[in-house]
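There are 2 protein chains.
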Amino acid sequence: MTELKNDTLLRALLRQPTDYTPIWIMRQAGRYLPEYRKVRSQAGDFMSLCQNPELACEVTLQPLRRFALDAAILFSDILTIPDAMGRGLYFSEGEGPRFERPVRSPADISALAVPDMGSDLRYVTDAVSLIRRELDGKVPLIGFSGSPWTLATYMVEGGSSKNFSRTKAMLVEESAAAHQLLSVLADSVVEYLNAQIAAGAQAIMVFDTWGGALSPALYQEFSLNYMTRIVDNLTREADGRTVPIVLFTKNAGPRLAQMADSGCDALGVDWTTDLQDARLYTGDRVALQGNLDPALLAAGPEVIKAEAEKVLSSYGDGPGHVFNLGHGITPDINPDHLGVLVEHVHRASQRAG
Amino acid sequence: MTELKNDTLLRALLRQPTDYTPIWIMRQAGRYLPEYRKVRSQAGDFMSLCQNPELACEVTLQPLRRFALDAAILFSDILTIPDAMGRGLYFSEGEGPRFERPVRSPADISALAVPDMGSDLRYVTDAVSLIRRELDGKVPLIGFSGSPWTLATYMVEGGSSKNFSRTKAMLVEESAAAHQLLSVLADSVVEYLNAQIAAGAQAIMVFDTWGGALSPALYQEFSLNYMTRIVDNLTREADGRTVPIVLFTKNAGPRLAQMADSGCDALGVDWTTDLQDARLYTGDRVALQGNLDPALLAAGPEVIKAEAEKVLSSYGDGPGHVFNLGHGITPDINPDHLGVLVEHVHRASQRAG
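From first to last, the protein sequence lines are chains A and B. Last residue of the first sequence: 353 in our numbering, with the numbers rising by one and none dropped. Last residue of the second sequence: 706 in our numbering, with the numbers rising by one and none dropped.
Mixed in with the good hints there might be a few duds.
Within a straight-line C-alpha distance of at most 35 Å, the following computed DSBU-like cross-link-like pairs (lysine-lysine) qualify [said to hold, decoys possible]:
| hint | chain 1 | residue 1 | chain 2 | residue 2 |
| --- | --- | --- | --- | --- |
| 1 | B | Lys658 | A | Lys162 |
| 2 | A | Lys250 | B | Lys515 |
| 3 | A | Lys250 | B | Lys658 |
| 4 | B | Lys358 | A | Lys162 |
Calculated directly from the structure, the hints in this document are not laboratory data.
Using the sequences and the accompanying hints, generate a full structural model.
Okay, here's the thing in structure tokens:
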């Protein structure tokens, strides 16, 4: 493998010293970029884009041509696993992701099996290999998956949900079935992420988008326990380097303390928790990734710079900070604003010496 | 005034001993009740229902005829103040509340004035007087308002919002204008709630639905500071009794600590924070109201009872707990399930002796 020229992200995720604070952005390959929208319209629907390794590679690399980002992240969808389980993922205009065949009964759950990585999800590992080759060691490549709980909500509700009523009712009324569902999902995520690592992913992120909707007790039992199982079973070394694992639960707040017990290397933090408080909650056992409010990228350059500095100083001294937004960049943002952010984070975080 | 026969809620909100844990439910007058849907369809649109004191009184009392709730809460909308400021509130199917004339510029903000309570919002105080008379001392009546920050988001965005981009950009780019807007809203809320208290409201709740979307620093500056100003300026006694004030920020998490400094008597807590942790954050300085996940009311009676007991025991010993959901009851819930909850909370929380 080509030597990695910029390992700042990997070092920061392992709490090793770096020359500056590395930055990447959730959804950095996305609709705010005109060149993305062009490829997206050529591909047809969204899943056709995800399932075409050449196009997935192209959109993954697009933001790196514009900005001095310190990582690439695989362009894909969080719902590839349930789709590969035969639930029929599709995207309906204005409604987001939907499943043709939601999972509603214990019989539905018993029929689920871990997808075959070499066939059903081959398009993902092919994309990883291709992106890794095209990156040519410029920056590391992050692989990812949705968390078991987050995948389960879409499978049970049949799509996006405001209250997760069906899924939550399953947790308390049919908890054995719920555990069976989460278990097959956790096993699938382990195989999926290990396949991504084998294909070239150099860091891993697990997106637990909806974990914050659970009470702390249900969160521990039905979300965090399964993420911990994933952490326990991932390949932790590739090319002679540690593969850092980042967990991200939106609205985690003080649950960051429990999350730091999972054995992961780093936690994503959204803007509703100060990084200073997050360091207290986690006792500085893990690196932290975040946490500018993406809505503030709509402001002008001077405000963006000032707000970026507030994030840097809220983390404070010492290694272990990766700059990011607290959630994905939104389609309405002017790409030049992201350029201002990336450049300023690099400049303002230069270590003396 | 008629003597109050059941003062359990008022006592609990002031952390005084009670014979059992009182319970009321956010949106207890609402679409899950067939008798509500009937009145609602007679009234025409939603605002016509709010603006008709007789009908608002009728739907306020409906849940008390079914369930042994320990409080009534005024039936109204949180957006009555911006509507009375001339912004043209309307409800569009599937989109929720909208304003015909959003507030977009410093000039728009400078033109805003505190509405006249005796004319523009008379329909609200008339409803309060009527409900209070009809209640005849059965249980106390809670009055309410949206928080300044929450009202501001609807006024600036023109309706509901996912990211509050415009409002947040205003906070950081035009903070003087934002403070001016929040200031006139806070003054309006003070007059509005004092008018409700004068008309008969015996406890007050301020709903800061969207405060949890702000970073801790912006939350303090643009939401909590204005709620504190409201607490400082409300009439705190009526009919020889203290009028307790409850603040509720959804997703408050550890911010409950800051909120307890506001001088309020009680805090609403959603299900994402354990009541035990909420007591730690607030140092037992305030009463706590919550916090069953409303989605769990879709489960069967035995699960509802078990989950209610978990909430009671997470609060633990000592006075100062008011049972509630962590957010409003949803239209899909079978009213009988709420009956199970109310009865079980009363039974399971009976104090020995």
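Hints, one by one, checked against the model:
Annotation: proposed proximity of Lys658 of chain B to Lys162 of chain A holds, straight-line Cα distance about 24 Å (limit 35 Å). With a C-alpha separation of about 15 Å, the suggested pairing of Lys250 of chain A with Lys515 of chain B holds against the 35 Å cut-off. Under the criterion of a C-alpha separation no larger than 35 Å, the hint pairing Lys250 of chain A with Lys658 of chain B is consistent with the structure, at around 29 Å. Between Lys358 of chain B and Lys162 of chain A the CA atoms are separated by roughly 39 Å; this puts the pair beyond 35 Å, and the hint is violated.
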